[in-house]
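Novice: We have chain A already, so just place chain B on it with the hints.
Chains as they are written, first to last, in the working numbering: chain A, 1 to 296; chain B, 297 to 592.
These are calculated hints, taken from the structure and not from any lab test. Treat the hints loosely; a few may be bogus.
As the list claims (entries may be wrong) - One-sided and incomplete, this derived list gives chain A residues near chain B with beta-carbon spacing under 8 angstroms:
#1 CYS90
#2 MET91
#3 ASP129
#4 ALA136
#5 ARG137
#6 ARG260
Backbone N, C-alpha and C fix where the C-beta goes; we use that ideal spot for every residue, glycine too.
2 protein chains.
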Amino acid sequence: MTTDFQAWSHENVQRVESVLQRVLPGTDIAPARLHEAMRYAVLGGGKRARPLLAFAAGELAGADPGRVEIGAAAVELIHAYSLVHDDLPCMDDDVLRRGKPTCHVEYDEATALLVGDALQSLAFQLLGDYRLADDARVQLEMVKLLAAAAGSRGMAGGQQIDLESTGKTLTVPELEFMHIHKTGALIRAAALIGARCGSLGERELSQVDHFAKLIGLAFQVVDDVLDAESPTATLGKTAGKDAMNNKPTYVSAMGASRAREFAQQLRERALGALKAFGARALRLQQLADFIVLRKF
Amino acid sequence: MTTDFQAWSHENVQRVESVLQRVLPGTDIAPARLHEAMRYAVLGGGKRARPLLAFAAGELAGADPGRVEIGAAAVELIHAYSLVHDDLPCMDDDVLRRGKPTCHVEYDEATALLVGDALQSLAFQLLGDYRLADDARVQLEMVKLLAAAAGSRGMAGGQQIDLESTGKTLTVPELEFMHIHKTGALIRAAALIGARCGSLGERELSQVDHFAKLIGLAFQVVDDVLDAESPTATLGKTAGKDAMNNKPTYVSAMGASRAREFAQQLRERALGALKAFGARALRLQQLADFIVLRKF
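Chain A with its partners taken away, still in its complex shape:
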């Protein structure tokens, strides 16, 4: 990882943090407990991988970062809501997230439910409230994109498939189908929303989409390997949880060593999808490395 990428990444994480700080209602506004819990669930944690992807795709498309940061924050709010709901007792029933007690442990279940619900609303409020594209029709396209990625044929659908897969042995194509929904859809939306803040043709957009699809899958494969091999303290969330919960993963389907190889292959195919862009795709390339080579 070059120092240059670290600086870029640090700068853009700060950018999205500052938007999130600003758009999340303050704890002086009623209902205070809900707003406090929303801030707890979103701020000061997480790799912000989806926002970084939006910024990198935005750079490729020559977008104004002041616009991309709103789209990036909207995607991160959807991601944050999904974590709060996934951790609930009726789902994964987890107590640790980003090194802190999960939202329903720190507050209570009902509040955590509402935190997730309200974070989803806030994501769409941002897309309606700020200007992200010269043409408002392009911005409506972003609303549609994010909603489809979050919904029953995207992330929420992936969660349902995940629920139904617990205790089952999945084939690699079945695992892929699950992850394309569960994590892939939102990762693709992050890249496409970033890109749509600038100007790219339909063919170029579909190359960015293809890159994001592959790197999203790689992200999941790496996640599975890390879950199986890292200690909880490093991970910031309960480690070994997949095996404990009897969840099918790439590690259970192909073993850790082949899963690591598979992640590398996906990274190479993802980088291949960027070829036509040349040096303009630098940040996306670096991000691909960051995602596949990360340790937590």
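Specialist: Frame of chain A; chain B shown alone:
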């Protein structure tokens, strides 16, 4: 109630039912169980009061009903999601809704959680996907409006205030603050989205908003009276639930008889807000009567 209004209302309920039928993913699409549960939670039940309000405000604004029906469906999806989440064990823990087992009873808690999440996404997907206004910027305004109405300073915030009020005695202004969030925000959004599908000036829009605010409150007061006085079979949901759950209501705050009078006063003030529109406001006037005089 005139036959004429019944026919108008029947026609528009059919309209929104048919949109909901069409936009909810079929049970042939994976994940099938989630899509089946989403359809279970939304279709074939409910008074569709919010959609009717959108249609009535749309008529006042000279809007194309083919556009209003999409906005009406989006608002109803938000309403339906909120009912599914409100009925969950960690919230009101209810087993009966619209005369049928609640979603988590018919399916399971995790599925019901995802049903609500995915219905919220679908609402925004509709607003991004269809054309509801000539000017796309007006449509972005609708996205913002619906998101704000659903979020922590609207409906979800109202739920939180409701949670925190259980077992407490609230004053009438405190009750009003709760209901303006919990049910009022979405009712106002329904009227404003309907109106924005047509053309009204800012001053006229604010009159529609004022009407909707008053009628939304009247709706809640009537709900409280009906909850206290109707048998479960008529109500289609568990009756007497508020008192059982020790929830503050207009009946507990002022008694049933004064609550009924208060609903009538709100209705009259609401009708007053429509005066400047003359006969163009016919459907909104009839709807006000329908809401205040309803028996279930």
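Novice: Verify the interface restraint on A/CYS90: the C-beta must sit less than 8 angstroms from at least one C-beta of chain B.
Specialist: Result: holds, 4 angstroms to nearest chain B Cβ.
Novice: Holds or violated: is the Cβ of A/ALA136 closer than 8 angstroms to a Cβ in chain B?
Specialist: The hint holds - A/ALA136 has a Cβ within 8 angstroms of chain B, the shortest such distance being about 4 angstroms.
Novice: Would you settle whether the hint for A/MET91 is holds or violated, based on the nearest Cβ-Cβ distance to chain B being less than 8 angstroms?
Specialist: holds (5 angstroms)
Novice: At a threshold of 8 angstroms, is the proposed contact between A/ASP129 and chain B supported by beta-carbon distances?
Specialist: For A/ASP129, the interface hint holds, since the closest Cβ of chain B sits about 5 angstroms away, which is under 8 angstroms.
Novice: Was the hint right that A/ARG137 lines chain B, CB cutoff 8 angstroms?
Specialist: holds (5 angstroms)
Novice: Let's test the interface hint: is any C-beta of chain B closer than 8 angstroms to that of A/ARG260?
Specialist: violated (29 angstroms)
Hint 6 from the list above is the single one not met by this structure.
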